[in-house]
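The listed protein sequences derive, respectively, from chains A and B. Count along the first sequence starting at 1, add 21, and that's the number in our numbering. Count along the second sequence starting at 1, add 21, and that's the number in our numbering.
Just so you know, the hints here were simulated from the structure itself, not pulled from any lab data. A hint or two may mislead.
Same chains, same names: a pair is fine if it fits in one copy or spans any two.
[To be verified] DSSO-like, lysine-lysine: derived pairs with alpha carbons at most 30 Å apart:
(1) Lys141 to Lys100
(2) Lys89 to Lys141
(3) Lys41 to Lys141
(4) Lys30 to Lys41
(5) Lys89 to Lys152
Since the model is a prediction, treat every value here as computed from it, not as a measurement.
Number of protein chains: 2
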Amino acid sequence: MNTTETSVKMVLDRWFGSIKNCNSILESLTDEQLEKEIAPNKNRGIYLLGHLVAVHDDLIKLLDLGDKLFPELFEPFIKSPDRAVAEIPTVTALRGFWSKQNEVLSAKINCLSVEDWFQKHTAVSAEDFAKEPHRNKLNIIITRTSHLQYHTGQIVLLK
Amino acid sequence: MNTTETSVKMVLDRWFGSIKNCNSILESLTDEQLEKEIAPNKNRGIYLLGHLVAVHDDLIKLLDLGDKLFPELFEPFIKSPDRAVAEIPTVTALRGFWSKQNEVLSAKINCLSVEDWFQKHTAVSAEDFAKEPHRNKLNIIITRTSHLQYHTGQIVLLK
Numbered sequence: 022m023n024t025t026e027t028s029v030k031m032v033l034d035r036w037f038g039s040i041k042n043c044n045s046i047l048e049s050l051t052d053e054q055l056e057k058e059i060a061p062n063k064n065r066g067i068y069l070l071g072h073l074v075a076v077h078d079d080l081i082k083l084l085d086l087g088d089k090l091f092p093e094l095f096e097p098f099i100k101s102p103d104r105a106v107a108e109i110p111t112v113t114a115l116r117g118f119w120s121k122q123n124e125v126l127s128a129k130i131n132c133l134s135v136e137d138w139f140q141k142h143t144a145v146s147a148e149d150f151a152k153e154p155h156r157n158k159l160n161i162i163i164t165r166t167s168h169l170q171y172h173t174g175q176i177v178l179l180k
Numbered sequence: 022m023n024t025t026e027t028s029v030k031m032v033l034d035r036w037f038g039s040i041k042n043c044n045s046i047l048e049s050l051t052d053e054q055l056e057k058e059i060a061p062n063k064n065r066g067i068y069l070l071g072h073l074v075a076v077h078d079d080l081i082k083l084l085d086l087g088d089k090l091f092p093e094l095f096e097p098f099i100k101s102p103d104r105a106v107a108e109i110p111t112v113t114a115l116r117g118f119w120s121k122q123n124e125v126l127s128a129k130i131n132c133l134s135v136e137d138w139f140q141k142h143t144a145v146s147a148e149d150f151a152k153e154p155h156r157n158k159l160n161i162i163i164t165r166t167s168h169l170q171y172h173t174g175q176i177v178l179l180k
């Protein structure tokens, strides 16, 4: 295994490890717990779960791996803050989306080759990418792992 | 820039970006705010700040970059949970440690070559490292960035 292959492995291991960690926290929480605020006047667990699914859905597009699975989550969970949209899916529904998405996303991620990870993501132009080769698909995983950890540190407070 | 160099750049950019983000949140909080619990009956901001300094101090050793700057923080901020040790440094003192540590650590990190990052960290044996080359110094930065993000997501709740 060369250093490039090792780098890809480390980044993907961290992503999958972070998903697994978040998952086990979600599984340890009841639906009622997830409906509570993580701290007084802060986001509810249900909002953060929807937010994670919505952000990871965007990852499918950024990695050029197809269409979003749940495009309807953009409006209530990315564009809007918690409680701004009255009708949102239930915790049970969101758990199902999260689970389905992880299944689909991990299958797609595992199909990419080491070379693929260093290709440009879909939100950067070919011109900019030529100057900034770090704006690649692997970097999307690196930044989204940070994002996932940030919110996992909040969801865990509901325990 | 080859793919290995790009990988190192992406990981270090994420580390320094995460430090910067945490830093700006810390600077936006008063000492009084940092003395509060992040959520009812959870860790206080002061504990998380001390915990981050203590964990990053350990990083200096793991990367084989010298001795810890603040070894006295291990006992109250890693070995013990919040409030278990009565005498801990003040928020003002911890802010100073955090700032000093980031200065020292970034200078040390910037001295490592791309090759250095793929060498073993100090907590893995040469024998194990031969079989598991991903247990290298760069991986320490990857996992500690996750850790930092996790707690940053908690500290921000004090705003």
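Hints, one by one, checked against the model:
1. In this assembly of identical chains, Lys141 and Lys100 lie within 30 Å of each other by CA distance solely inside one copy; the values are 25 Å within and 43 Å between copies.
2. Taking the shortest alpha-carbon separations for Lys89 and Lys141, only the intra-copy value of 19 Å comes in at or below 30 Å, while the best inter-copy value is 39 Å.
3. Within a single copy, Lys41 and Lys141 get their C-alpha atoms as close as 27 Å, and across copies as close as 26 Å, so both meet the 30 Å cut-off.
4. In the homo-oligomer, the alpha carbons of Lys30 and Lys41 lie at most 30 Å apart both inside one protomer (16 Å) and across protomers (26 Å), since each shortest distance falls under that limit.
5. For the identical chains of this complex, Lys89 and Lys152 are intra-copy neighbours only, at 29 Å inside a copy versus 38 Å across copies, given an alpha-carbon limit of 30 Å.
The earlier numbered hints are all upheld by this structure, with none contradicted.
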